[in-house]
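Heads up: the sequence lines are chains V and H, in that order. Okay, so the first sequence: first residue is 1 according to my numbering, each after it adds one. Okay, so the second sequence: first residue is 1 according to my numbering, each after it adds one.
If you're looking for bench data, these hints aren't it; they were derived computationally from the structure. Since we're looking at a predicted model, the values are computed, not measured. Glycine included, each C-beta is placed from N, C-alpha and C at the ideal position. Some clues are possibly wrong.
Below are the SDA-like pairs computed for lysine to any residue, each with C-alpha atoms no more than 25 Å apart in a straight line [as the list claims (entries may be wrong)]:
#, chain 1, residue 1, chain 2, residue 2
1, H, 37, V, 137
2, H, 40, V, 162
3, H, 40, V, 371
4, H, 40, V, 262
5, V, 322, H, 38
6, V, 248, H, 33
7, V, 322, H, 43
8, V, 322, H, 10
Computed spacing ranges between beta-carbons, pair by pair [claimed, not checked]:
#, chain 1, residue 1, chain 2, residue 2, range
9, H, 42, V, 387, 52 to 62 Å
10, V, 409, H, 20, 19 to 29 Å
11, V, 37, H, 8, 32 to 42 Å
12, H, 20, V, 375, 33 to 43 Å
For reference, the chains in residue letters:
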Amino acid sequence: MSPPVAPAGWSRWLVPPAALAVHLSIGQAYAWSVFKPPLESSLGLSGTESALPFQLAIVMLGLSAAFGGTLVERNGPRWAMTVSLVCFSSGFLISALGAATQQYWLIVLGYGFVGGIGLGIGYISPVSTLIKWFPDRPGMATGIAIMGFGGGALIASPWSTQMLASFGTDSSGIALAFLVHGLSYAVFMSLGVLLVRVPRGERPVEGAPSVLQGPQVSAGSAIRTPQFWLLWVVLCMNVTAGIGILEKAAPMIQDFFKDSSTPVSVSASAGFVALLSAANMAGRIGWSSTSDLIGRKNIYRVYLGTGAVMYALIALFGDSSKPLFVLCAMVILSFYGGGFATVPAYLKDLFGTYQVGAIHGRLLTAWSLAGVLGPLIVNWIADHQKNAGKSGSALYELSFIIMIGLLVVGFAANELIRPVDARHHIPTPKEETVDVERQQPESA
Amino acid sequence: MSNDSSQSPPDRRPLIAFAWLWVGAPLVYGLYELVQKATKLFTG
């Protein structure tokens, strides 16, 4: 499948909704927890077992983004969005069959393995195209798409809950819910497949800089540069710090104010989790757009430096003031989201647009490690502190100190990032443009 | 000149509005549900 080239007069403002149609769908992954209790009761599963489909999906996300990035660059965004649609929807349909026949392994295979491939390919599918359409505002463009990944769970969580309430939480109700999810997401994502176009030539908008401005580095060369691995460390540290709060947000706020005059109830802690989700989403579009104005290196100084200060404030004064605790946690989560959304534009600054999608896919392996590291640190330390007889905010103090240390490591890595040496640049980037321009534009 | 104007690209604004509505409507629903939940932090 050749990349779909935009016809004359195609608006670049049609590309962000195409990206959002995919990201809002695959963002459903973070709402998997809605299905856990019904699956546990209807199929007799443990909590660990019911988490398997989600865990496998996240592993497959990382692997398919890392290894499928080059294919996405070669075949274009429409191919990638089609693969994502087919895999993500098929994952639900296979899971529906699994629930209907009470074969749990089919749910793990469907949602986790097949659907997970859809997550990874879908996540990176619009990134390169958006950067090429918005060379003047790459941070804002990728911020819109990656905000969608955060927004997907906001939509799916209440939607899936209502569906299970209507269909029932037995295995046939779950099967019907999976079936409706698979079909609905196929229809919703098809907008992205139909709308996405790559720009004609290297200057999609009059007055905007050329997409080939600056150095161009292939994905194969990029992973041999220190810049790639420094940025890998930056992303890994930033994500670990965010997940450290996100993963245990509800019990954390209850523990912090357990002995205060205004303890936090279970329903109030759910409100805190919702606020963190809002901050995460707002950070994706807000901070990433800001990076277009102040530069990528500076925005990561803010994420990592101010993030460390926020953790220090929570560790020192968090249990004395609920507003301070909530505010600091929201700022940290906005940096967490911002870090995800800004990294494609940072990669574009360092390695150019030539294979930025493939490089982004490889960088997302940092997310996979952070996804294990963050929860592991916070949970392991909290359990040990509890066994040592501690309670309240003391359960988390050591975790927060470690998080500050990780953010300082990330800050130092960011400081070490310099422009890529010229020996890694590809010699004739113009040839790529000529190839793209030779293709026939598609009709609208 | 008249030949140029007859080949002008079609107006994409209705398509842009439809595309943004397609993705915006569910997002507004999600944000509404989020606000409902978030207020529980302050109301208990």
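Report task. If any of the earlier hints don't hold here, list their numbers in rising order. Result -> The structure breaks hints 1, 3, 8, 9, 10 and 11; every other hint is satisfied.
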